[in-house]
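Chain A is fixed; fit chain B onto it per the hints.
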Amino acid sequence: MSLITPEIRASTIASVNPVAKLIAAILLALVLLLSIDWASALVALVLEALLLPFAGLAARQFWLRTAPLWFAAPLACLTTVLYGRDSGDLLWQAGFVSVTEGSVSLGVAIGVRILAIGLPGIVLFATTDPTDLADGLGQVLRLPSRFVIGGLAGLRLVGLFIEDWRFLALARRARGVGDSNLVSRIAGQGFSLLVLSVRRGSKLATAMEAKGFGSRRERTWARESTFGRREWTLVAIAVVIAVLAVTLAVALGTWKFVLS
Amino acid sequence: MNMATTSITRQPRAFSARWRVVDIVVASVIGVASGVIFWAWGLAWTPLSAALAFAPGLAGLLAGGWLFAGVLGGIVIRKPGAALFTEVVAAVVSMLVGTQWGFSTLIWGVVEGLGAELVLAAFLYSNWRLGVVLLSGAGAGVAVGLLDTNFTDYAALDFGFKAVYFVSAVASGIVIAGLLSWLAARGLARAGALSRFASGRLAAVDGESEPVRSDSGTEATSTP
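Same order as they appear, the protein sequences are chains A and B.
Reading the first sequence from the start, the letters are residues 2 to 261 in the working numbering.
Reading the second sequence from the start, the letters are residues 415 to 638 in the working numbering.
Excised from the complex, chain A in its bound form (with noise of 0.2 Å):
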């Protein structure tokens, strides 16, 4: 429950309308994801470094929420380096692993990039409210209210999923069930969640459509979701950050367009 609600304290970018995390977030990735090269990871993920401190998020759950990246870049570069695209002079080689100067600086690259598209989006994230998020796909975006509100219905039950999944376990053992293998026992445990999460669900439906919800009326919002200046500055550094990264990385002749 606490990675999926995660304690947001006040801080600059928390106040920020998801909306514009988003847009902010997903340039980004779509710029970077465009080229292979270490020139504009390198430039992204600095730039994003020294936009950290304002992202209002403690050190613990910054390392908690980003630990998948610093297991993975590295990992991603060694595979890279000795399975990757092979040019310039061969450093070592044994079967069909080969290391070259062309597969190091692609694996360096790999490496970097992966951090420079992981880190924006999972800060950005690790400070934004669900709620939030969906009051702002409702207004800003006008996604059609029922899937956003029904959608952040489906995602406000995961706590009670949780519970859900230890009291099954509880009943099992009770029961003897499933204590031969762990796999069998994951298995059976998970698709029982599933009966059980589906008919809450439709349970939910009943409760949510006899108050109401999901009449052909137009909807009206509790909570206000306005998309003012901080918003427009947050997607103006995003832009500047990209536009920085392609244009160091051209100059220095290193962008390279991943389907060429």
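Don't read these hints as lab results, they were simulated from the structure.
Worth double-checking, as some hints may not be accurate.
[Claimed, not checked] Using C-beta positions, here's what the derived DEER-type ranges look like:
1. A:Leu245 x B:Ser609: 53 to 61 Å
2. A:Phe72 x B:Ala577: 24 to 32 Å
3. A:Leu245 x B:Ala464: 28 to 36 Å
4. B:Ala577 x A:Ala175: 45 to 53 Å
5. B:Leu457 x A:Arg217: 39 to 47 Å
[What the hints assert, rightly or not] From the structure, some residues in chain A lie toward chain B, with a derived Cβ separation under 10 Å:
6. Pro131
7. Gly152
8. Arg201
Even for Gly, the Cβ is constructed at its ideal location relative to N, Cα and C.
The following block gives chain B in isolation, referenced to the frame of chain A:
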């Protein structure tokens, strides 16, 4: 007793494309539950793919772990867009918890969802047999295969490795996303959890065309 049950049993309604509230909520519940699994799979993926790194390209076999949400949502809800919606919700949830792929998770979710959705749409949302479901899983596999071999770290691999990756991603989509989702949906229908859905109701009505599900129908009628 028999007559009473048959009069209660509804005829399958005409297909309606409009989503009911229960469609939306259950689709997002399935999406959220799958999203948590996506996230856990993302953690397991790092060591697993590292183990497979000595057989480059075979890591595609792991891709199916992120493809089942769309297929499962599509065949349970049976509405246009259900596969796409469920897969996107699942992707967003795993992203909210925090994956190593950041916002690209959302892009991948959209494309994978479309892969599964297009197959279901090609059959006009009216054929839900095993073959179509497997094909839908393959559609998601093709989508992720194309994305991964062009835009991720795998783009830097040699062509042979990429081809192996693509084929194994499709195979993984067929088995994990297609077959497993079909089994899960059938299990849900048998457990009676889908009583408000065509996917659960039809099982009782046309038991003959889908023999595997007929037992829930006979159970209801053969207890006088």
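Review point. Of the hints stated earlier, which fail here?
Key: The structure conflicts with no hint, since it agrees with every one listed earlier.
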